[in-house]
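**Student:** Chain by chain, the residues:
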Amino acid sequence: MDRIDHAASELREMDDLAALSSPIHSIHPLAKLIVTISYIILTVSFSKYDLSGLIVMLLYPVIIFSISGIPIKTCFYKLRIVLPLVCAVGLFNPFFDKAPLMSIGSIAVSGGVISMITLMLKGMFCLMASFILVATTTMDAICAALRKIRMPGMIVTLLLLTYRYISVMIDEVSVMATAYKLRAPGQKGVHYSAWGSFLGQLLLRSMDRAEEMYSSMQLRGFSGEFQYADVSPAKPKDYLYTVFAVGIFFLFRMINIATLFGGIALGGSL
Amino acid sequence: MIRFEHVSCEYEKGQTVLNDLSFEIQDGESVGLIGANGAGKSTLMKVLLGLLPYSGRILVDDLEVNKANLKEIRRKMGFVLQNSDNQMFMPTVFEDIMFAPLNYGMTREEAEKRTEDTLNELGLSNLKHRHNHKISGGEKKMAAIATVLAMDPGTLLMDEPTSALDPYNRRIVINTINKLNKTKIIASHDLDMILDTCRRVILLSNGSIAADDGAENVLTDQILLEKNRMELPLSYSHMKKQ
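Chains as they are written, first to last, in the numbering used here: chain A, 1 to 270; chain B, 1 to 242.
Possibly wrong hints are sitting among the right ones.
[To be verified] Derived DMTMM-like pairs (lysine to aspartate or glutamate); straight-line CA-CA distance at most 25 Å: (1) B:Lys134 / A:Asp5; (2) B:Lys71 / A:Glu225; (3) A:Lys181 / A:Asp5.
Rather than coming from a laboratory, the hints here were simulated on the basis of the structure.
All chains, full assembly: derive it from the sequences and hints.
**Tutor:** Pasting the structure below:
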């Protein structure tokens, strides 16, 4: 399959994942949104040297992946482009922060190395949590949840339409790239001399399609506000999930569980 | 009833696409709009729906097509686009069909009921939870028709409803059109389909009306059709050969 077609099908796979059925999928979108936001905020708030405290936050994505039935490798595969970028964020820390912070046997580990790993893990955990939200909730439901927490309608509509239009744009790129390839055999990618006209054409074609889609929406009564997915009232289990998950995150944030259990394992007491 | 009174439309100054059109379409009529590429078929539909500015007067059930009446007029008319991909923008067929009823103020329960009824009426219940990107071209065209019928419009406008369909799906679409008890305006180059579905034909040429008569009269007039860069419908030319 062509790389562009592959990208389009990958995007559509997210809709398929969100349409699966599991206990996590059935949780109210607002509950999942609140849990995800809380998780991200609390994960990011860990100190840059608190690696042992942070590592416990991995439990959330691991448990949710296993309950939702979404393979964790799917997450890493889909995030394969973003993850290296996130990991690159702290790459220079070891050069600036060379003071030894701990030692493993006879090897001294500098604060820069610890902060680099912490930053990488924070980024990775946040991406995994976001992926879980998108893979277990349809974009419509997420938008409905965002409206429930009073996110301005304009921003939410923009988010939803952007999500929808990405696939339209990929379709256009795919058609144009095929037409180009058929007339440029043996050439790898689009030659830089054609980038300008290629992008210009893409913009014009996308605008045409977007205009036609918008007309179709207008003709079916659209007046600027989407009627989002049916978000039924939250059930007791949704409240329970939110309170329990957020409570656990706070507990992990306040108490260094890894150190605590490590101490117990090594013969200490509570 | 739809009435065009001296309607003209130009995209850019001096580039006239519709030129002083006047005609009426009565309730329940099936009208085929034919003409060569660029004759003004799609433009005519777009001005009727208030998507393009025009001069003159267009009345839909005595309501003038203008900004103030647009909502009410669009409620009365359903437009099936040529490219169904542009018409189907929601994730699933069910959600797409429900889009219009929800926008027109139905409760979710009412909209779901309407959607179910529309799907059953067109025999598309199997598509209910299918994703739009996973259905075939023929299914997508039928689903696009369903998205419009769910609004229960009095008038149905269709732009090239049979383009890019295989013969089997084309026949399904034609049979569906024939079953619909509504005012129908169909723009197409598929003259056999027009012959099958329309009693009256308006032939456009360079934005003007070249002929407005019964379908058989227009579609069997070889001289008229060829003069306007068209040909006799295949079914008729075969009959003529025999």
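**Student:** Would you mind marking each hint as holding or not holding in the structure?
**Tutor:** Results of checking the hints against the structure:
| no. | hint | in the structure |
| --- | --- | --- |
| 1 | B:Lys134 / A:Asp5 | holds, 14 Å |
| 2 | B:Lys71 / A:Glu225 | holds, 15 Å |
| 3 | A:Lys181 / A:Asp5 | holds, 14 Å |
In summary, the structure agrees with every hint in the numbered list given earlier.
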